[in-house]
Amino acid sequence: MNSVSIQIEDFDFAGEWRALRDAVSGEAGAVVAFAGLVRDRFDDQIVRSLFLEHYPGMTERSIERIMTTASTRFGLLAVRVIHRVGELYPGDQVVLVLCAASHRAHAFEACQFVMDYLKTDAIFWKKETSATDAHWVRSTTDDQRRVERWKD
Amino acid sequence: MNVHVRLFAQAREAAGAGQIDVLGLSPEADVNELVDRLGGQCGERLHEALRAPGVRAAVNQEIVDCGYRLTDGDEVAFLPRVTGG
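Residue numbers (the working numbering), protein chains in the order written: chain H, 1 to 152; chain L, 1001 to 1085.
In case anyone wonders, no lab produced these hints; they're calculated from the structure. All C-beta atoms, glycine included, are put in the ideal place defined by N, C-alpha and C. Don't take every hint at face value.
[As the list claims (entries may be wrong)] Only some residues are given here: those of chain L computed to face chain H with a beta carbon under 10 Å:
| id | residue |
| --- | --- |
| 1 | 1001 |
| 2 | 1004 |
| 3 | 1008 |
| 4 | 1010 |
| 5 | 1013 |
| 6 | 1016 |
| 7 | 1024 |
| 8 | 1027 |
| 9 | 1069 |
| 10 | 1073 |
| 11 | 1080 |
[What the hints assert, rightly or not] Far from chain H, by Cβ distances over 10 Å, these chain L residues were calculated:
| id | residue |
| --- | --- |
| 12 | 1009 |
| 13 | 1028 |
| 14 | 1041 |
| 15 | 1066 |
| 16 | 1082 |
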C-alpha cells in the first residue's frame, strides 16, 4: 500500500491524511504525517524561490526503495510520499511523508527515516535563488550524519 | 553508435540543454569516452561539470561506473550530487 507521486502542483495535506487513514483503518494505531516547507532564509540570505528538478522514472524508483526499506524495517502498514518539483516559494509545501503503523513508535521513527533518506538518496536537485545570487544546494554533512545513525 | 544524453542541474546549465543526442561514437565507447566527447561537443564548462566530484552516470536508469561499455540507443544520464527533501 505504498505510493509515491512527483508533481508540480500543491498537495492537500488533510485529504492525503484521510485517504491513508481510511486505507489502514482498524489495523493502524498511528499515522504520522510530515510536511516539509520552503524556508525564507538560508545562511542569513533571504530566499526568493527554490527550483526543484528530477529525473522521471529514476527519481520515483529511488523513493520506492526508501519506502520499501522503511516498510520492512519498521513493519509499516502503508507509506505515502509526495514530492513537488518546479518553482516553489517560501511557505510552499515541498514534501509530504505519511507513515502508518500498528504502534506510534514505529510510525514516528519510520517518518524520520524516510525524510532522512529523502535528503541523501532521492534523486532531486534544488536551486535556491536569493536577492543576490542563485546556486545549486549541496547536501550538508548534517544530512549525512542523520542517515549514518540509521546504519548502526 | 548513437546515444541519448540526459543532463541535470549544473551540468544541464553548463550545456545549455537537458537532452543531447551524441552521434557516431566508436562501437567500443564507454562512459569515459562519452564524457570527453561531450566536452568536445559542448565545451569545457560541461566537461568540468561532468568530472566534478560525486557525479554519477546512469545508463537506461541504472547507475554504472565510468568504464561501462555503451550500446547503441542507450540513454545515458549524468547525475550531480542530489539534494532532496
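Comparing the hints with the structure gives:
no. : hint : result
1   : 1001 : violated, 23 Å
2   : 1004 : violated, 13 Å
3   : 1008 : holds, 6 Å
4   : 1010 : holds, 5 Å
5   : 1013 : holds, 9 Å
6   : 1016 : violated, 15 Å
7   : 1024 : violated, 26 Å
8   : 1027 : violated, 26 Å
9   : 1069 : violated, 20 Å
10  : 1073 : violated, 16 Å
11  : 1080 : holds, 6 Å
12  : 1009 : violated, 4 Å
13  : 1028 : holds, 26 Å
14  : 1041 : holds, 21 Å
15  : 1066 : holds, 18 Å
16  : 1082 : violated, 5 Å
In summary, the structure is inconsistent with hints 1, 2, 6, 7, 8, 9, 10, 12 and 16 from the numbered list given earlier, while agreeing with the others.
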